[in-house]
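*Asks:* The lines below spell out each chain.
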Amino acid sequence: MFLLSLSRSILFAIQSFWRNIWLSLATIFIITLTFISINFLVIISAVSDSAIEAVKEKIDISIYFQQEVNETKVAEIKSHLETLPQIKSITYSSSEDNLANFKTKHQDELLIQEALKELEKNPLGATLIVKAKQLDDYPEILEAIDNPAYSDLIEERSYDDHQVVIDRINAITENVRKGGLIISGLFVIIAALIVFNTVRIAIFTHRHEVGIMKLVGATNWFVRSPFIIENIFSGVIACVLAIGVVYFILSLIQPHLSSYFGGAEFNIIGYFNSNALVIFGSQLIGIIVLNIISSSLAIGKYLRV
Amino acid sequence: MIHLINVTKKFNRQTVAVNNATIHIEPGEFVSIVGQSGCGKTTIIRLLISEIKPDHGQIIIGGWDITKIKSYQIPLLRRQIGVVFQDFKLLPKKTVFENVAFALQVSGTTRGRINKIVPQVLKIVDLEDKLDRYPQELSGGERQRVAIARALVHRPKVLLADEPTGNLDAINSKEIINLLLKINDFGTTVLLVSHDKSIVNALKKRVITMEDGAIVQDQKIGKYVI
Ligand SMILES: Nc1ncnc2c1ncn2[C@@H]1O[C@H](COP(=O)(O)OP(=O)(O)OP(=O)(O)O)[C@@H](O)[C@H]1O
Ligand SMILES: [Mg+2]
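As you go down the protein sequences, you meet chains A and B in turn. Going left to right, the first sequence walks through residues 1 to 305 as our numbering numbers them. Going left to right, the second sequence walks through residues 306 to 531 as our numbering numbers them.
Since the hints were made in silico from the structure, they are not lab data. Some hints here could point you the wrong way.
As the list claims (entries may be wrong) - Each pair of labels, with its calculated beta carbon distance range: (1) B:N483 with A:I292: 46 to 54 Å; (2) B:T327 with A:L6: 25 to 33 Å; (3) B:G471 with A:G281: 49 to 57 Å; (4) A:L186 with B:Q363: 49 to 57 Å; (5) A:I190 with B:W369: 45 to 53 Å; (6) B:N420 with A:G300: 49 to 57 Å.
Said to hold, decoys possible - A few chain B residues that face chain A, going by a derived Cβ cut-off under 10 Å, partial list only: (7) I330; (8) P332; (9) R383; (10) I386; (11) F390; (12) N404; (13) F407.
Think of the CB as a built atom: it goes at the ideal place given N, C-alpha and C, for glycine as much as any other residue.
Could you build all of it, start to finish, from the sequences and the hints given here?
*Replies:* Dropping the structure here:
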């Protein structure tokens with residue numbers, strides 16, 4: 001009985017969709033624009049978040065030990081540092097590893113290669129690379145490393161503060177985000193008004209039919225469902241169009257993203273693929289809820305029988 | 306079957322469309338309501354299908370007190386009452402068959418049952434050979450017969466007819482009234498609102514006369530006096 005009503009409603013909706021094709025197209029157009037602008041916001045957020053992540057990922061403290069400090073001593077310091085709650089990871093790299101890395105890094109530079117050959121001993125000490133859990137944890141970790149007990153063992157420690165870069169990314173994206181939010185807000189309002197009016201006009205033009213429906217005992221849901229289904233139909237088409245446009249835009253910006261991140265991989269298309277259900281699903285649910293509200297209001301207005 | 310007890314309906318301060326009216330109609334009766342234009346006849350019909358609610362009084366149909374009926378129950382009420390109007394209220398883009406089937410569709414009747422019931426009721430109104438016509442291809446009398454067929458699909462206990470012959474000539478009017486009598490013979494309670502003196506007098510059935518919203522006369526075998 002429910003399925004029967006549903007199939008009749010769908011049939012009715014398709015007829016009505018074609019009968020008011022221009023209104024249907026206008027509705028689809030504006031919902032598509034709304035979806036695109038909302039997805040634009042999603043893209044901005046995703047890109048800036050992962051940009052900041054990428055920069056954060058680069059932040060660490062490198063501790064360069066004196067050449068003569070032996071492996072056990074370094075391991076001791078490492079395990080001592082690891083007791084700090086702020087530490088996320090510590091990577092040990094022996095003096096041999098460092099030499100090997102240094103050699104490969106400078107393999108084209110004859111002068112350096114020559115100089116290394118001259119040396120009998122490995123000039124490089126071991127290193128520890130320390131990553132904190134959070135950006136704010138670094139000062140405390142630095143303090144722990146600057147312990148006088150270690151000062152004879154440590155040749156140098158380096159910490160590059162990337163806060164400036166992070167602030168800059170935040171500032172840029174914040175502005176874009178604000179603009180996008182305003183545009184999306186406008187589109188949402190326009191879409192709401194158009195959807196509301198589409199339903200209203202549809203019910204108004206069918207008021208004779210709807211009046212007769214109610215006279216012979218149709219429930220409000222029976223009367224309303226074709227109009228809602230018709231608009232959900234538009235919503236689904238708009239969603240599909242928006243997905244097409246969004247993926248097209250994504251494919252355009254994807255190549256530029258890698259250079260923006262200075263080589264760090266960020267796959268925006270992959271991001272959309274894995275979150276597609278949430279991103280597009282919530283937008284579709286939004287449009288359906290909007291439909292139900294506006295059709296209820298319109299029916300209440302025209303159908304007090 | 307139909308009970309109105311001290312029912313009053315005002316549209317605003319000046320217009321009291323129904324004024325303290327009490328009517329009791331037993332199952333199987335055929336009752337005519339007559340009276341001058343604007344005396345409140347249509348308002349009675351609208352109260353009975355709960356299109357409007359009374360300001361005072363009580364309305365009971367088939368044992369169901371609909372005075373304070375919930376809006377979600379109204380569709381159920383309307384499936385138990387058949388109504389026809391002067392202007393037929395047919396859907397112009399649907400055929401005769403579809404117009405009648407429509408009333409069954411809204412209550413979720415299966416296609417199989419629709420295909421069985423619709424020809425049956427169209428046979429009662431003698432239109433079984435015009436299933437595929439559109440309303441504009443029918444005479445006024447035929448259109449009203451389609452409307453009556455539609456009112457019958459739910460096998461209602463009560464049929465309300467608000468000036469069903471108002472747009473019809475004498476011959477067609479006679480046919481419609483005969484049809485209503487035939488439906489009444491099946492056991493359906495019929496409430497007929499009419500302007501037409503000759504029709505009401507020829508019926509020799511109960512007549513209720515209204516004046517300015519009030520019931521002024523109720524005769525077992527009545528005559529249209531005013
Ligand atoms: N929606 C409304 N708003 C205000 N007044 C109304 C409304 N509907 C009816 N009326 C008034 O109520 C009174 C009764 O109207 P009703 O339609 O019941 O008369 P009627 O007896 O059916 O008349 P007719 O024989 O012309 O059809 C009239 O005075 C009419 O003007
Ligand atoms: Mg009237």
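*Asks:* Honestly, which of those hints from before does the structure not fit?
*Replies:* Result: hints 2, 6, 7 and 8 break, sorted rising.
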